[in-house]
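*Asks:* Residue-level listing of the chains:
2 protein chains.
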Amino acid sequence: MDPAAVHLALLARGETVACAESLTGGELAAMLSGTPGASATFLGGVVSYATAVKQSVLGVPAELVEKHGVVSGECAAAMADGVRSLLDADWAISTTGVAGPDSQEGKPVGTVFVGVAGPSGVQVTQLALHGTRSQIRHETCNRGLMALHEGLS
Amino acid sequence: MDPAAVHLALLARGETVACAESLTGGELAAMLSGTPGASATFLGGVVSYATAVKQSVLGVPAELVEKHGVVSGECAAAMADGVRSLLDADWAISTTGVAGPDSQEGKPVGTVFVGVAGPSGVQVTQLALHGTRSQIRHETCNRGLMALHEGLS
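In order, the protein sequences belong to chains A and B.
Quick note: the first sequence uses our numbering, first residue 101, plus one each step.
Quick note: the second sequence uses our numbering, first residue 101, plus one each step.
Since the hints were derived computationally from the structure, they do not count as laboratory data.
Think of the CB as a built atom: it goes at the ideal place given N, C-alpha and C, for glycine as much as any other residue.
Computed spacing ranges between beta-carbons, pair by pair:
#, chain 1, residue 1, chain 2, residue 2, range
1, B, H168, A, E205, 41 to 49 Å
2, B, L227, A, E205, 38 to 46 Å
3, B, A105, A, K167, 36 to 44 Å
4, B, H168, A, D188, 23 to 31 Å
5, A, G231, B, T225, 30 to 38 Å
6, B, S253, A, E166, 34 to 42 Å
7, B, M246, A, P136, 23 to 31 Å
8, B, E163, A, A162, 30 to 38 Å
9, A, E166, B, G114, 25 to 33 Å
Sequences are here, hints too, so could you generate the full structure?
*Replies:* This is the structure we're talking about:
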């Protein structure tokens, strides 16, 4: 999905977005900031690659991580809520999952959770993606943009 | 510069890195996290695209921004120090500058500052880059990786 479409949809509503990324590692932010004029709608994001950063910066509770793991819908929801609040954005997208090459928390490569937080709450989509590490990261970004675009329409 | 070389240099020292990005908007984090096994050395980062995020999340002082602007060596140094401390990393890379298409703070497109913070302090490199928005962003990431690699050698 073209990030420019998301930018224009946000611009039409006068709203902003932030992102919290784990497996995509900054690629989603790079897409959101790639459009000229992006600063009108994109505030920034947190790349919470390490679990400790999810907790200390985004405020994901340690008990949540202990109970559900970081590759979970619960973690995706907490990351989206956390960055939306931290950056004071109208909307937030989060990504967490297993890009590979190794499985994680007993979950196979391609297990991905995408969260979208907005004025009326947070919604999480679970995906089972195929492909290389790079393809899984890229498709996760794509699905995140699609989920936000849907929320905006 | 191949991010894998930076990853291996950090791995050999048992050290970690974080990043704080403005104009590169997540692309540097995406490069640092792109290498399989990156989680052993890359903790994460903050994409502080909006000035408010530089202040509220990274702790860049408002007076610094007022005096020097966000396109400044002072801001790059404060961003690198800020994210290194926030994520408790051994090293940090920061990027701030003008990717275009418009100039900013009276500074022409291609004006870029790259900071590297480490155990012995922070060093800032000022660049005047040419090219498209996308080329300037990419070359900034490249210079950031080179500066860190030099600091590690």
